[in-house]
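Asks: The whole structure should be built from the sequences, with the hints applied where relevant.
There are 2 protein chains.
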Amino acid sequence: MRCRKCDQKASINMRHHKLALCRDHFLEWVLAQVERSIKKYHMFTHQQRILVAISGGKDSLSLWDILLRLGYSADGIYINLGIDAGVDYSAKSLDFARSFADSNQARLHVIDVKAVYGETIPELAMRTNRGHYKPCSVCGLAKRHIMNQFTSLHHYDVLLTGHNLDDEAAILFGNVLHWMGSYLVRQGPVLEADRPGLARKAKPLCRMYEREMAAYAFLRGIPYIQDECPFAEGSTSIYHKQLLDKLEADRPGAKLDFYLSFLQARKDGLFSPAIDHQSDIVHPCPECGQPTSAPGLCTFCRMLAKSGNLPSINEMDLT
Amino acid sequence: MRCRKCDQKASINMRHHKLALCRDHFLEWVLAQVERSIKKYHMFTHQQRILVAISGGKDSLSLWDILLRLGYSADGIYINLGIDAGVDYSAKSLDFARSFADSNQARLHVIDVKAVYGETIPELAMRTNRGHYKPCSVCGLAKRHIMNQFTSLHHYDVLLTGHNLDDEAAILFGNVLHWMGSYLVRQGPVLEADRPGLARKAKPLCRMYEREMAAYAFLRGIPYIQDECPFAEGSTSIYHKQLLDKLEADRPGAKLDFYLSFLQARKDGLFSPAIDHQSDIVHPCPECGQPTSAPGLCTFCRMLAKSGNLPSINEMDLT
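Taken in order, these protein sequences are the chains called B and A. With positions in the first sequence counted from 1, the corresponding number in this note's numbering is that position plus 11. With positions in the second sequence counted from 1, the corresponding number in this note's numbering is that position plus 11.
Worth flagging that the hints you see were computed from the coordinates, not collected in a lab. Keep in mind the model is a prediction, meaning the values are calculated, not measured. Treat each hint with caution, since some may be false.
Since copy identity is lost for identical chains, a pair holds within one copy or between any two.
[Said to hold, decoys possible] Calculated pairs, DSSO-like style, for lysine-lysine (alpha carbon to alpha carbon, straight line, at most 30 Å):
#1 Lys257 x Lys145
#2 Lys125 x Lys154
#3 Lys257 x Lys29
#4 Lys145 x Lys29
Replies: Set out below in C-alpha cells:
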C-alpha cells in the first residue's frame with residue numbers, strides 16, 4: 012500500500028475514506044481535518060482562550076497536541092478523580108498529562124477531587140450510593156460540574172473534550188435506542204453556552220475515528236495511558252461501541268455516515284425546536300452558583316450535601 | 012418452565028416480556044396482543060372491509076388467521092411475482108396461500124404479474140435494469156403499486172401487511188443509520204390515506220416478535236413457506252436484523268424498547284411536522300391514476316413504459 016500523496020510506503024490505510032497515507036502526510040492530514048471541523052462548526056478562533064479537558068489518554072493528549080501545532084492558545088485541565096482500583100489509574104494518568112504539558116511548555120491545571128471535596132470519586136460514590144455499584148454516574152456528574160465551573164470562573168471561552176467519532180456515534184446510538192429526545196436535539200460538535208453560567212463546549216475530534224487518533228498519538232510519539240478506566244469494563248457505551256465496530260467492519264464508513272447524516276438531518280430541521288426542554292429557565296444553585304433546572308441545590312451539591320462536604324470553589328487546589 | 016397462567020408446562024418463554032405460557036394461553040395471549048394493537052393505533056373496526064397482503068409466509072398467514080379468529084371481515088391478496096430461482100418460490104408460496112384460504116373458507120385475490128404485465132418480476136427487473144442486479148427494488152415498487160391500486164379500486168378500507176416487530180425495528184434502524192427524515196416521520200403502525208388515491212395501511216403485528224409469530228404459526232398448525240425469498244440473501248435489511256438480533260440476545264426487550272420509544276418520542280413531538288415533504292401536493296398518474304409526486308407517469312408506469320408494456324388495471328386477472 013502506497014501513500015496517495017507521495018507514493019512512499021503508507022503508514023495507515025483508511026478504508027472509510029479510501030485513503031492510504033505515509034506518516035508525514037497522515038499527520039498533516041489529521042491537522043487539516045481537525046482544523047476543518049473547528050472552522051465548519053464555528054468552534055473557536057485563534058484569539059480565544061481555550062481549555063482542553065485532559066484525561067491522559069490518546070484522544071485528549073492528541074487533541075492538545077494538534078491545537079498547539081495549529082497555533083491555538085490552549086491550556087489543559089486534569090481532574091484527579093482518585094481512582095486506584097489496584098492499577099494506580101488516576102496517578103498514572105496524571106503523570107502522562109504532566110509529562111505532555113512539561114515537554115510542550117503548556118499550562119496544565121490540576122484539580123484534585125480528594126483535596127477539594129475530602130473524598131475521591133470512588134469514596135464519594137460509595138458513600139452517596141446513587142443506586143449503582145459503579146462510580147460512573149457520580150464521576151460523570153463531578154467532571155461536568157468541575158469542568159463547567161472552572162471554565163466559567165477562569166474566563167475560558169470554550170471547553171474542549173477529546174470525544175472522537177467512535178465516542179459520538181456510540182452516544183448517538185444509545186440516544187437513538189431509547190429515543191432520548193432532549194439529548195438528540197443537543198448532541199453535536201458544539202454545545203452553546205445558551206444558559207447563564209453554562210460554559211461553551213466543543214469536540215474538535217468528532218469526525219476522527221478512534222483508530223486515526225491512536226495512529227496519530229503513536230506516530231507523533233505521544234506517551235499516554237493505554238488502559239481504559241477500570242470501572243468502564245462492561246459499560247453500555249463500550250457495548251454500543253462493539254456493535255458499531257461490527258457495523259463499521261462490514262460497511263466501512265458507516266459510523267461517519269451515521270453521525271454526519273444525523274447532523275445534516277437536524278440542520279435540515281428534522282427535530283421540533285420545542286423538544287429542547289433544557290433551554291427553559293434555569294436557576295443558579297445557592298451553593299455553587301452553577302445553573303440547575305429546579306430551584307434549590309444542583310445535583311452535584313445535593314450529592315455533596317449527602318456526604319456532608321460542601322467546599323466553596325475558592326478551596327479548589329490549583330497546581 | 013411453567014405457564015404463568017395455569018402452571019402447565021410452558022410452550023414458550025418470552026424473556027423480553029418475562030413471560031412463559033403454555034400452548035393455549037400463548038395463542039390466547041397473541042390474539043389479545045394483536046387486538047390491543049388494532050385498538051391502540053385505531054387501525055380498523057369490525058365494520059370495515061379489510062384486505063391482507065399475503066406472501067405465504069408465517070407472518071401474513073398468521074395475521075390472517077388471527078383476524079378471522081377475532082371476527083374481522085378480512086380477504087387476502089396474493090401477488091404472484093413469478094420468482095422461480097430454481098426453487099419454484101412463487102408457485103410454492105401461492106400453494107400455501109391458497110391452502111390457507113381454502114381451509115378457512117376465506118377469499119383470496121390472486122394477481123399474476125406475468126399475466127397482467129407480460130413479464131415476471133425478475134424479467135421486468137432484468138429488462139429495466141434499475142441499477143442493481145437484484146430485482147428487490149422493482150419488486151417492492153410493483154407490490155406497493157399493485158396493492159395500493161387494488162385496495163382503492165375494490166373499496167377496501169385498509170390494507171394490512173404482516174410486518175412484525177423485527178421487521179419494523181430493522182426498517183427503523185436502517186432509516187436511523189442514514190437519518191432518512193421523511194421516512195422516519197412516516198414509519199409507524201398506521202399509514203394514513205392522507206393523499207388522494209393512497210390506500211390506508213396498517214401493521215397489526217408491529218409489536219409482535221418474529222419468534223412469537225413463528226411459534227404462533229407452529230402451534231396453530233398453519234403450513235407456510237419457510238424459505239426466505241431467494242433474492243433476499245445478503246440484503247441490507249437481513250444484515251440489520253442480525254445486528255438487532257445480537258442486541259436483543261444481550262439485552263432482551265431492546266427491539267421493543269427501540270420501536271416503542273420511537274413511537275412515543277414522535278407522539279411527543281420530537282419531529283418537526285414540516286419534514287413530511289411527502290404530504291405536499293400529489294398528481295394522478297395519467298396512465299394508472301395513482302398518486303405520484305411529480306406530474307407525468309408514476310415510477311411504476313415509467314418502469315413499464317421502458318419495458319413497452321402498459322396494461323390498464325382492467326386487464327388484472329383475478330382468480
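Asks: Which numbered conditions among the earlier hints are violated in the structure presented, ordered from lowest to highest?
Replies: none
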